Structure formats: C-alpha cells, structure tokens
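Number of protein chains: 2
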Amino acid sequence: MAVSRRGVDVADLVERARAAEPRAVARLISLVENDSPVLREVAAALAPHGGHAQVVGLTGSPGVGKSTSTNALVTTLRAAGKRVGVLAVDPSSPFSGGALLGDRVRMQDHATDEGVFIRSMASRGQLGGLSAAVPQALRVLDAAKCDVVLVETVGVGQAEVEIASLADTTLLVVAPGFGDGIQAAKAGIIEIADIFVVNKADRDGADQVARDLRYMQSLGGRHSDAGAWRPPILKTVAARSEGVDELVAAIEKHRAWMEQHGELGRRRQLRAAAEIEAIALGTVRQKFGDVHGSAALDEAAARVVDGETDPYSAADELVATL
Amino acid sequence: MAVSRRGVDVADLVERARAAEPRAVARLISLVENDSPVLREVAAALAPHGGHAQVVGLTGSPGVGKSTSTNALVTTLRAAGKRVGVLAVDPSSPFSGGALLGDRVRMQDHATDEGVFIRSMASRGQLGGLSAAVPQALRVLDAAKCDVVLVETVGVGQAEVEIASLADTTLLVVAPGFGDGIQAAKAGIIEIADIFVVNKADRDGADQVARDLRYMQSLGGRHSDAGAWRPPILKTVAARSEGVDELVAAIEKHRAWMEQHGELGRRRQLRAAAEIEAIALGTVRQKFGDVHGSAALDEAAARVVDGETDPYSAADELVATL
Numbered sequence: 423m424a425v426s427r428r429g430v431d432v433a434d435l436v437e438r439a440r441a442a443e444p445r446a447v448a449r450l451i452s453l454v455e456n457d458s459p460v461l462r463e464v465a466a467a468l469a470p471h472g473g474h475a476q477v478v479g480l481t482g483s484p485g486v487g488k489s490t491s492t493n494a495l496v497t498t499l500r501a502a503g504k505r506v507g508v509l510a511v512d513p514s515s516p517f518s519g520g521a522l523l524g525d526r527v528r529m530q531d532h533a534t535d536e537g538v539f540i541r542s543m544a545s546r547g548q549l550g551g552l553s554a555a556v557p558q559a560l561r562v563l564d565a566a567k568c569d570v571v572l573v574e575t576v577g578v579g580q581a582e583v584e585i586a587s588l589a590d591t592t593l594l595v596v597a598p599g600f601g602d603g604i605q606a607a608k609a610g611i612i613e614i615a616d617i618f619v620v621n622k623a624d625r626d627g628a629d630q631v632a633r634d635l636r637y638m639q640s641l642g643g644r645h646s647d648a649g650a651w652r653p654p655i656l657k658t659v660a661a662r663s664e665g666v667d668e669l670v671a672a673i674e675k676h677r678a679w680m681e682q683h684g685e686l687g688r689r690r691q692l693r694a695a696a697e698i699e700a701i702a703l704g705t706v707r708q709k710f711g712d713v714h715g716s717a718a719l720d721e722a723a724a725r726v727v728d729g730e731t732d733p734y735s736a737a738d739e740l741v742a743t744l
Numbered sequence: 423m424a425v426s427r428r429g430v431d432v433a434d435l436v437e438r439a440r441a442a443e444p445r446a447v448a449r450l451i452s453l454v455e456n457d458s459p460v461l462r463e464v465a466a467a468l469a470p471h472g473g474h475a476q477v478v479g480l481t482g483s484p485g486v487g488k489s490t491s492t493n494a495l496v497t498t499l500r501a502a503g504k505r506v507g508v509l510a511v512d513p514s515s516p517f518s519g520g521a522l523l524g525d526r527v528r529m530q531d532h533a534t535d536e537g538v539f540i541r542s543m544a545s546r547g548q549l550g551g552l553s554a555a556v557p558q559a560l561r562v563l564d565a566a567k568c569d570v571v572l573v574e575t576v577g578v579g580q581a582e583v584e585i586a587s588l589a590d591t592t593l594l595v596v597a598p599g600f601g602d603g604i605q606a607a608k609a610g611i612i613e614i615a616d617i618f619v620v621n622k623a624d625r626d627g628a629d630q631v632a633r634d635l636r637y638m639q640s641l642g643g644r645h646s647d648a649g650a651w652r653p654p655i656l657k658t659v660a661a662r663s664e665g666v667d668e669l670v671a672a673i674e675k676h677r678a679w680m681e682q683h684g685e686l687g688r689r690r691q692l693r694a695a696a697e698i699e700a701i702a703l704g705t706v707r708q709k710f711g712d713v714h715g716s717a718a719l720d721e722a723a724a725r726v727v728d729g730e731t732d733p734y735s736a737a738d739e740l741v742a743t744l
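First to last, the sequence lines map onto chains A and B. Plus 422 on top of the position in the first sequence (first one is 1) and you've got our numbering. Plus 422 on top of the position in the second sequence (first one is 1) and you've got our numbering.
Only part of the chain B face toward chain A is listed, based on derived beta-carbon distances under 10 Å:
no., residue
1, L461
2, A467
3, H471
4, Q558
5, R561
6, A700
7, G704
8, K709
9, F710
10, G711
11, V727
12, E730
13, T731
14, D738
FYI, nobody ran anything at the bench for these hints, they're computed from the structure. Bear in mind that the values here come from a model prediction, so they are computed numbers and not experimental data. Idealized CB from N, CA, C, for every residue including glycine.
Go ahead and model the full structure; you've got the sequences and the hints to work with.
See below:
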C-alpha cells in the first residue's frame with residue numbers, strides 16, 4: 423500500500439477506519455481537523471465510502487439537556503445494535519481535537535464501547551461560521567460505517583442554523599423554564615427543526631412549552647401540504663431515558679420519510695453544494711492572500727486610502743488577477 | 423452635469439452632500455445601503471473625498487448607556503463646532519434605512535441641528551458579518567465633511583470586533599452591574615478598545631469596574647512599549663454629560679497619537695484591504711452563483727453525493743472556471 427510522501431498511509435488508515443478501528447478513526451479526524459497537508463488526500467480516499475450514516479443535529483440553549491439527550495440516544499441506539507458517532511461542536515471553545523480524556527469523562531457510559539466514536543471539536547471557521555473540518559469529520563464517521571452520527575452544538579443562534587445545514591435530521595431540544603419558545607422563534611430555529619424535544623418533561627411547565635411550540639408551528643403553516651413532514655413534539659426525561667425509545671423511532675421515521683420523498687438526496691445535494699462553495703471561497707481567499715503577499719492588495723488598499731480609486735474598482739482588479 | 427442612465431445624478435448628489443445638504447446625504451446612504459445599481463458609481467464619485475472624518479466606534483453590552491453616551495458626545499462635539507455623523511448599527515435588526523422618524527425620536531436633542539447626520543442601519547451581511555453597506559455609509563458621511571462619525575452597535579461579541587475593525591478609535595462602554603469586565607475579556611474586546619468608558623459612574627461598583635479593567639489590561643501587556651498607546655479608563659455619567667469633555671479630549675488625543683505614530687494610516691490601509699477583499703469575495707460568490715445557475719455546481723454536488731469525487735476536488739474545478 424502506497425505511503426504518502428508525508429509519511430501518512432492514508433489508504434491504510436481509511437481501510438482500518440472502515441473496519442471501525444477507533445485509533446484509525448481518531449487519526450483521520452485529527453488529519454482533517456488540523457487542515458493537514460494530506461487533507462485533500464484523505465477527502466479523496468473517503469469519497470467513495472459515504473452516504474450511509476444518518477446525521478442527526480441536536481440544537482438548543484445551554485442547560486436544556488442536549489448532552490444528556492445525546493447520551494441517552496447513544497444508549498438506546500447501541501441497544502438496537504447501531505454503530506454511533508458523536509461530534510460535540512463548541513463554536514465558542516478554543517479547544518479542540520485531542521480532548522480524549524474530556525470526551526471519555528463526558529460520556530463515561532460509552533467510554534469502553536467499541537461501537538461508539540465520540541469527538542469534541544472547536545469551531546475555527548475563518549468566516550465566523552462552523553469549522554470546515556466538521557463536514558469532513560462527519561465523512562470520516564460515515565466511512566467508519568456509523569449508522570447514526572449525533573452532532574451536538576452549544577446553542578447560539580447562528581451555530582444552530584449551521585448545524586441544521588449539516589444534518590439530515592435536526593432536533594430542537596427545549597425545556598421548561600428556559601423561555602426557549604420565543605428565543606427559538608426569533609432565531610428562526612422553529613423553521614429548521616424536524617423534531618421538537620421537550621426535555622425535563624417531568625418539570626412544571628412542560629405542557630405549556632409543548633403548547634407554545636405547537637402554536638408557533640401553526641403560525642408557520644409550511645407543513646400544511648399533504649405528504650409534508652409535520653415535525654412531532656416529543657417529551658423526554660433524558661436523564662432517566664424516558665421517551666427516548668419514541669425519540670429514536672421518530673428519528674427513524676424521519677429518515678424513512680426523507681427517503682420516500684427524495685428529501686434525503688435533496689438535503690445532501692444542497693449540503694454538498696454549500697460545502698464545495700465554502701472550500702472554493704477559501705481557496706480564492708488564499709489566492710487573494712498570495713496577491714496580498716505580492717503586495718498587489720496592499721497597493722490597491724493604499725490607492726483607496728489616498729482616494730485614487732474606490733474599493734469596488736479595486737475589488738474588480740483583484741478578481742481579474744484570478 | 424451627467425445624469426446616470428438610471429436617472430440618478432450621482433455627481434450632483436455628491437456635490438450637494440459635500441455642501442452638507444441633509445437630503446443628499448440621506449439619499450446617498452440609501453443608494454449604498456440598498457445595493458443599488460448605481461452603488462459602484464457612488465463609490466467612485468466618493469473616492470476622492472475621504473479621509474477627513476475620525477471614525478469612532480462605540481461598543482458595549484445593551485444597557486450600559488451607549489446611546490446616551492453617543493448623544494452626550496454629539497452635544498459636546500457640536501458645542502465645539504464639529505460636524506458629526508452617527509451610524510447606529512443593529513446587527514440583529516431586520517429594519518434599516520428609512521427609520522428617519524425613529525432616528526429623530528431617538529436623538530431628539532439633535533433632530534433640528536443641520537450639523538448632525540443620524541442614521542440607523544441594519545446588518546445584512548451575507549457572511550453573517552456587518553453589512554458591506556456600513557463602510558460605504560461611512561464614506562458618504564466622510565465626504566459630507568463630518569469631523570467625527572460615531573458608530574454605535576448593539577453589543578454582541580462578533581459585531582463588536584467588526585465595529586472596531588471599521589473604526590479609527592474604539593470605545594468600550596461598560597457600567598457597574600453588567601459583569602462587563604469578564605465578558606469583555608472573553609470576547610477579546612479588551613484587546614481592541616482604545617478608550618475604556620465606565621459609564622453610570624455615580625453608581626456603586628464603578629470603581630471596582632475600573633479596577634477590574636485596569637487589572638485585565640495589565641494582563642495583556644501589549645502596551646508596555648515606550649510610545650505605545652495606553653488605553654485610558656474614563657468615568658462618565660453620560661445622562662448628565664459628566665466626564666464627556668474629558669472623553670472628547672481622549673478621543674482627540676488618540677487621533678493625534680495615531681497620526682504621530684503612523685497608526686491612522688496603518689489602520690485605514692488594513693481596513694481598505696479588508697473591504698476590497700470582502701467585495702471581491704462577494705463578486706466571486708456571485709460568479710459561483712452564475713455557475714450554479716448553469717448547473718455546474720449542482721452537477722459537482724451530485725457527484726460528491728454519489729461518492730464519485732470529493733468536495734475539495736470539486737471546489738478546485740469550480741475555482742478553475744473563474
């Protein structure tokens with residue numbers, strides 16, 4: 423087997439990842455996460471081995487129980503013999519990658535289970551968004567034949583929308599006492615959720631939260647078509663695994679609905695297009711940076727500062743250099 | 423004077439804006455804000471007339487008194503015979519532009535003063551950041567010979583950093599009881615502030631806030647060089663205009679320091695380069711969109727979904743079409 427000139431045998435790693443070898447999976451995620459020189463080689467090697475996993479995004483405000491829900495989902499999915507990946511994305515954290523100990527402590531129930539891959543990732547997106555590494559890490563877990571990959575994010579408006587754009591199925595987790603309904607409506611999250619989860623449903627106010635969600639859902643009106651997916655509102659007590667079987671059933675039902683209606687393909691198509699565009703823009707930005715290095719952008723900026731040209735004309739010249 | 427083929431006499435508008443005619447200023451801002459077809463023509467016509475205004479950004483959490491501080495600064499600057507512009511940027515607001523009545527109500531003290539231009543703007547940035555219209559609106563106010571343009575934003579971490587990137591001088595406004603010190607440190611705001619303003623300084627805890635800021639400042643250590651600007655920590659009660667003369671003096675001192683040390687030119691050069699790059703990336707994105715329209719990106723995305731290629735190879739092909 424060919425060893426890359428950088429000393430990493432990518433083909434061998436991918437083969438071992440496909441056999442679900444945890445160290446190979448971890449290594450590949452590190453390679454894509456650190457924007458390693460072999461990133462493109464890894465992406466090319468992974469390409470033929472995707473499309474199996476259902477990517478399930480969990481969004482919601484801090485404190486509603488996203489981690490507990492993730493943990494309970496892993497337990498239930500494992501009991502059904504599914505292979506499961508977990509990506510915990512924290513857009514505000516400067517830490518990433520090697521948080522292996524933290525990951526194990528965090529999900530101790532599953533630390534010794536070879537059918538579960540758990541990874542924490544920071545967001546390092548150049549344009550303020552989620553790191554480009556997140557979709558690549560999803561591809562690694564997909565190639566490792568995970569049946570479900572749970573992507574959990576710290577709930578901040580923009581990040582939630584972005585997580586949804588990565589997921590086949592988006593869960594919005596809310597809980598009584600968090601005023602989530604209104605916040606969710608403000609952030610447009612109601613529109614992107616495929617399944618609503620009212621967690622901590624043993625607490626006062628859970629029924630009211632569910633009613634609020636149903637009311638806001640009715641205002642949207644986009645689910646009135648016959649055959650359209652009508653996001654269910656489920657109640658759980660994730661800490662005691664109550665309602666989690668029903669949640670797993672709803673996730674499976676959503677996948678079946680998507681496959682039946684061509685929605686899975688449509689979402690993945692849009693996702694791939696957005697991913698390609700983001701990578702291409704990054705490349706262009708790098709090219710501008712090279713121009714910058716060669717002082718052309720600096721010189722253009724100086725002419726704008728001196729009033730000799732305007733930024734739009736200067737930008738046209740920059741694009742013309744491509 | 424030539425009238426543009428779109429029926430807008432841009433050269434005449436710019437000439438009238440330079441004579442500080444309020445309606446011409448308002449019209450030009452509307453043209454750049456609405457991404458009008460004559461945007462490029464406006465930018466070109468404004469280019470020779472910039473560089474006069476000192477752009478002062480005000481950042482800080484909601485409730486600390488940014489609007490009150492802006493209002494008090496306008497009063498003091500007007501009393502000194504300065505022409506003043508105010509841009510109130512709300513990144514979360516879907517409203518923009520014609521909020522003339524709101525603007526007048528908001529700053530009633532200055533509504534009939536012809537030496538003050540006040541404008542509210544929403545952020546509509548494609549990449550989640552501040553609208554590209556904000557720097558263009560700054561150019562309009564600069565051409566209208568404002569001596570100082572105050573840019574005020576609703577305090578959210580990312581927006582604060584972006585406002586600072588537009589400003590010659592950045593004020594961080596804090597107040598007792600807002601826990602701002604720690605939040606500011608988290609968001610990296612401490613690093614970008616040129617002047618700290620402890621507003622509501624008549625309240626309990628103001629001294630503690632000032633001490634906290636000084637302590638965090640000492641941790642940074644970047645101001646230890648001889649000749650470096652050491653951001654002052656000023657106390658104000660903006661609602662009673664207390665401490666505002668000293669604040670205006672500090673703003674003027676910062677400008678003098680920047681001019682003396684070449685920092686003003688350096689900041690404006692970086693700002694122009696970032697602005698050119700952002701416009702150029704927007705153009706490229708539009709070109710990708712055209713490709714998308716012609717189905718090339720769709721077809722590439724389909725090949726990624728089918729595992730025939732990887733997103734990096736597809737992105738390379740997309741960039742090659744430019």
